Each structure stands twice: as structure tokens, then as C-alpha cells.
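Line by line, the protein sequences are chains Z and D. First residue of the first sequence? That's 1 in this note's numbering, and the numbers climb one at a time after it. First residue of the second sequence? That's 289 in this note's numbering, and the numbers climb one at a time after it.
Treat the hints loosely; a few may be bogus.
[Unchecked claim] Which residues of chain Z face chain D? A partial, calculated answer using Cβ under 7 Å:
#1 140
#2 153
#3 154
#4 156
#5 191
#6 193
#7 195
#8 199
#9 201
#10 241
[As the list claims (entries may be wrong)] Facing chain D, from chain Z, some residues (calculated, C-beta under 8 Å):
#11 155
#12 162
#13 276
[What the hints assert, rightly or not] Far from chain D, some chain Z residues (derived; all Cβ distances over 12 Å):
#14 49
#15 96
#16 129
#17 135
#18 221
#19 249
To be clear, the hints were calculated from the coordinates, so they are not data collected in a lab. Remember, it's a predicted structure, so these values are computed and weren't measured experimentally. Every residue gets a Cβ at the ideal spot worked out from N, C-alpha and C, and that includes glycine.
The residues making up each chain are set out below.
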Amino acid sequence: MTTTPRILMCPPDYYGIEYEINPWMSTEVGTDPVESRRQWQALHDTLVDLGVAVELMEPEPGLPDLVFTANAGLVFGDHFLSSRFRHGVRQGESAHFERWACARGFVVESLPPGHNFEGAGDALFCGPTLFAGYRFRSDARSHHWIGERLGVPVLPLELVDPRFYHLDTCFCPLSETAAIYYPGAFDDYGRSVLTGQIGTLIEVSAEEAVSFSCNAVVVGQTVVLNDGAPKLAKALNDLGYRSRPLRLTEFIKAGGSAKCLTLRLDGEEAASWKRSPELALPKLGATG
Amino acid sequence: MPLDDRREAHSTGPDPGVIEEVEVRGHIVDSLLLPKVLDRILQMGGTFEILECTIGARRVDPSHARIAIRADDAASLDQILGDLVEHGATPVNPEDAKVEPADIAGAFPDGFYSTTNQRTQVRINGRWIDVADQEMDCGIVVDPATNSPRCVPMIDVTVGMPIVVGHAGIRVVPTERSREASFFSFMNSGVSSEKPKAAKLIGVAESMRATRAAGKKILLVGGPAIVHTGSAPHVAQLIREGWVQTLFAGNALATHDIEQAIYGTSLGVSLEEGEAIEHGHEHHLRTINTIRRKGGIKAAVDAGLIRSGIMYECIKNGVDVVLAGSVRDDGPLPEVISDAIQAQALMRKSVKDVGFALMIATALHSIATGNLLPAWVKVVCVDINPATVTKLSDRGTFQTVGLVTDVEPFLRSLAGLLCNPSL
């Protein structure tokens, strides 16, 4: 039985580069609002075309990055673990995301104060395991907290290249046993973990990684990603996936692309709990 | 000397430095976070000890490890901790030790922490700090100016001295046996007369070489049987060649040794012929009388009255000598300290920097010295009576290695090995 994929997006009405919190951002360069809207709409329409039910957040003035809904939190069944943004300029987003999640019937929970955690930007299920990036935005200890809270195995991976500051900029699970990744964003430990845990790993080259090709949205057997990654497209094709390249250059200016602009609400294709909903009953373990 | 000996000698005491404990939890095995954290500690110049490690049984079960990290100084430790926190390690924060000012002199406050001879650390202002002057059956005083803890005997307590009470914020770090000299691991099976002596003897000699190479002192605690058995010349040779820096003995060893130097007898028995000589029994008291008339052993050596023997070599070679008296002493010799508390205090002072203690043919002096030594100082006890070694171990000096043998062949062979390595 297949259910309709559901994805949360937020129109880029107030999107722009108003601060610099990663190496991609430059307030001097700025963005083109018309082109941003066009690129965002193209992504939206592509997802709808793929059969996705896209839900829209109300954009908010003063919160330019609200457009990057992947960072809202982590969805696990009917649970929504709200992000705790590292940078003050994004912390105002949480109230809006939480209000939306409550209204949609999610059980909303936050990490304890003092933790940094940036949602699906840094926490991606591949099979039963939650792969979690840390160092630039999320903390390793926050991932441990989540693992205990949800009763799932969590493997924190250190991110070592500031250009790939979220896990979803350098790692994208395709299925429960396959993923794409850019090795240069991880250290030897991280690479060993990924190669040891995931059966099929497609390596993305450095040139294609900087065009945000790992920041992809997987819908069934289709991978929606930034254009400029012909080698990856071929590798995906060999694995039986279709690529849908899109031009999302306006969002790369802020350090995001297709994946960052979406939050999968019914479980990523690669998450085991999507097919076994009983797995997504949080153990609600005691956490310190 | 071989490099191995040097390394071994350096491991005789606790490493200097500061310590902090951290905890890592979660899927630290599959995520390689545990090996990563341990690698980071070493890469940053620290060392670690895994105090506790529980591995989750199923894939979803988290694992847990508690790790003690040691660094050379607080700044290095902070740097390591700062890095490890990034990888999800969290400092374990137990309580600081509780301190109470001494209310009366010469006694601890009720509830004082009673020490062992093992390496101990006290937590002060969130940091584990090694206790100095480690000694069993003491209390711990914390210097208010430097916040450094050290062992203090009951009798030295003064009013207002900050004394550690209770057990919070105190931990004992057992001596790492695996890092000890192979000789000591080889000889860990206790006391028996039915053991091969040669290997043990070589082990003693190697430990003494390593101790001297490490710049530590060798302490000899000797009983009068050394002289009675005709071993004084061997000990004198060891002293002359720099194998003894400190001597603890009583009135008897010194008196018999000097009697031999002056009369060639020990308690009137000729050490050359092995027979009592006429009026020989008087030699003992006449020796004491002569030395007392001269004003002391040193004065007698300076005057040329004593020209050989253990005490002569001690004076000539600047050996730190503590002669502790007893109620049965004749005389005693002027250098003998008849106030037991004063003698104990001097011995306590003299055991600092001792890395190896050789206890020969004396029960009470050996036990008294064992009480003062930290557990990482190697102790070899040589006695014809197995009970002497057992007594020493039973009173807490568990690191003692025993050799049940006649002391003369032992000392002759030891002097032969150390003073003539080619033999």
C-alpha cells in the first residue's frame, strides 16, 4: 500500500540574505526575489508533479530562512522534535514551526535548553538508524538525547568542512540500504561508519558536491536535485533512479537547495519506520 | 643502561598532572565515537583510563563509557575537555571533597578520611588532584593557599588545619601492576623458601639499577643479623659504590658494626673465626662507651677510631641515616633517637624520593618503614623467617616481595652483581 507523500514548504516571500552564518552567505551578493520565487515554484511544481501533497507554511517577515523547512525539526511518526537553532537569527523560526506542527496534530517536543539541533538538516534516517551530523549546527550530545528519547540507534557523524555544515548538504539516503554522500565532508571515522553501515553508497565528486547535488529530495524512485551533477545523475540512473535536475542557484547563495527547502512529513523513503509504523512509536525513554 | 629499565624506573610513582572524568553514551561503538574520543585524548597529549564501559546488547541499546583523562596541566586538560565535549562527551561532576578545620591539636575531626598507601586523589574546586606524601593511616590536609592536598599524621595536626572528612570527592587509584617491573610481576606469588633465588636476586639488582637511573633513592632497612652473619663488608661495599642513599636501623646494627670495626667481633664473637673470644662479651658495651665518650659515630669516624664498616661508609658517603631506638637498647649510641615519635618523623622525611626499599633481617623497623611508604615504592624483604615478610604484607605493605633466605649469601651475591657486573 502506498500513501501520498507529504512535504512541507514555505514560500520565499521574505527570503533573502540578511546575515551570514555559513560560508555561502554574503549580504553583499544578496538574492534576486523574482528569480528566487521562480526557482522555488519550479521545485514546488516538480514535487506536485511527482504526486506529492505539498503543505505550505505561512512566511514571516524578518525570518528569511523560514523557507528552509528541513531545519524545522525531526518528524518521527506523529512526533515532531522541534529544532533548537544554534544561531540567534534563526531561533525565532521555532515558534512558527511548532505552532504549525501543533495545528497539524503532531506531538511536539523540544530538546532541553542548551542543546543545539537543526532537525532534518542534520538527522536523516537510513533504515532503522538515524544518521546525524554534528559540529557546525547540531551537537553530538543532542543526537544521543534524541536516540534515547526515540529509542532508535543514532550514529553521530562529525562534519569537517564548513561548506557542508548540515548533514543534508553532503549525505542523502535513497532507500533503507542505499545513499549518496560526499566523502570530503567527513573524517575517516565518519567515512568508516557510512561505508560500514550502508550497503550501497554512491560517492559524489567534489565538483558536484559544491553544486549541492547531495541536497536532494527523494520521492519514490525519483531524485530531485540541483542541476550540475551529470555524474551523479548517471550513477543514480544505474541504480534505477530518475533524476530531476533543477536550477536552485538563488538558494545555494544561502547554503541550501532542494532538500533544505522541504520537510518530508510522512517519513523519508529511506526510513524503516515509514513502512513499519509500529517502529515510530517513541519509546519515550527517560533522558537526562 | 637499557631503555626498558629507564621506562620501568619512571613508572615507579604516579604520573604528575591533573585528571578529569568524562562520560560518553549512545551508540558510541557503531558510530566510532568511543575510539575517536580515545584517539583525540592521545593526539592532544593526554592519557586515559577507561573506568567503566557497558556495551549495549542489542543494536538499539546505547552503550556507555566513563573515562578518566590525565594531562600535564590544567590548561591542557581544559583544551582536551573542550574538544571532547564537541564529540558528545560530558564531564562527570561528582562532589568536591568536604573539609573541616581541626578543632583540637594532635587529633583529626571525627569522620576524617583515613588514608591508604595507594595513590589517592581529592576533588577540589572541580578538579582531581593527587595527594602528596602518600602514606597509610594518615588524614588529608588541604593547603588553603595552594589548594594542594597531602597526607598528614595525626600527631602533626594543629588547630584550624583543614582536614578532609567523609568519602565524597576522594578516590583511590590502584597501582597499575601490569606496568611494574617484570621482576615484580614474576614474584607476585608471595613468600616461600622454595623458590629459585638466582632469578630473584637478578631482579633485585635490576630494580636497584633502574631506581638509581631514575634519580630515586634506595633505602636499606637493616637489622643486626647483617653484622652477625658477616655481611657487613658486603653492605659497606654497596654503600661505597653508591647503591644505598638512606639507611634505617637501630642501636644494635650500628653498635655491632662499630664493634666489628674496632674489635673484629660482633657481640664478642670473632667474625673471622666464628668463636667467642675471651672477654669478648665486654666489646659490645665498651664500643658504646667509647663512642659515647667521643660524642658520636661521626666524631669517632672523624677521629680515625672507626675505619671500616657500614657506619663508616655511611658517614664517608653522606648516606642519610636514621637510627631509631628501643627500650632494650644499651647505651644507646648518641645518634640513636630514643623518642619514637621524633624518629618516626625523621623517617617520614627521609622516605621522600625513595624508589626502592630493601628490608633485611629486621621485623619492627621494616614494618615501621612499610607504614610510611606509598604503595608504588618497591619493597623487597629478605629474612630467614617467612613470618617477617608475611607480617609486612599483612600490615598493608602489600607490594612487598619476599625472599626467605640467609642474608649473607644474598648480600654477597647482590654486592657481586651490582659492584662487579662482569661476574
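Going through the numbered hints above, which ones does this structure break? Give me the numbers in ascending order. 5, 7, 8, 9, 10, 12, 13, 16, 17
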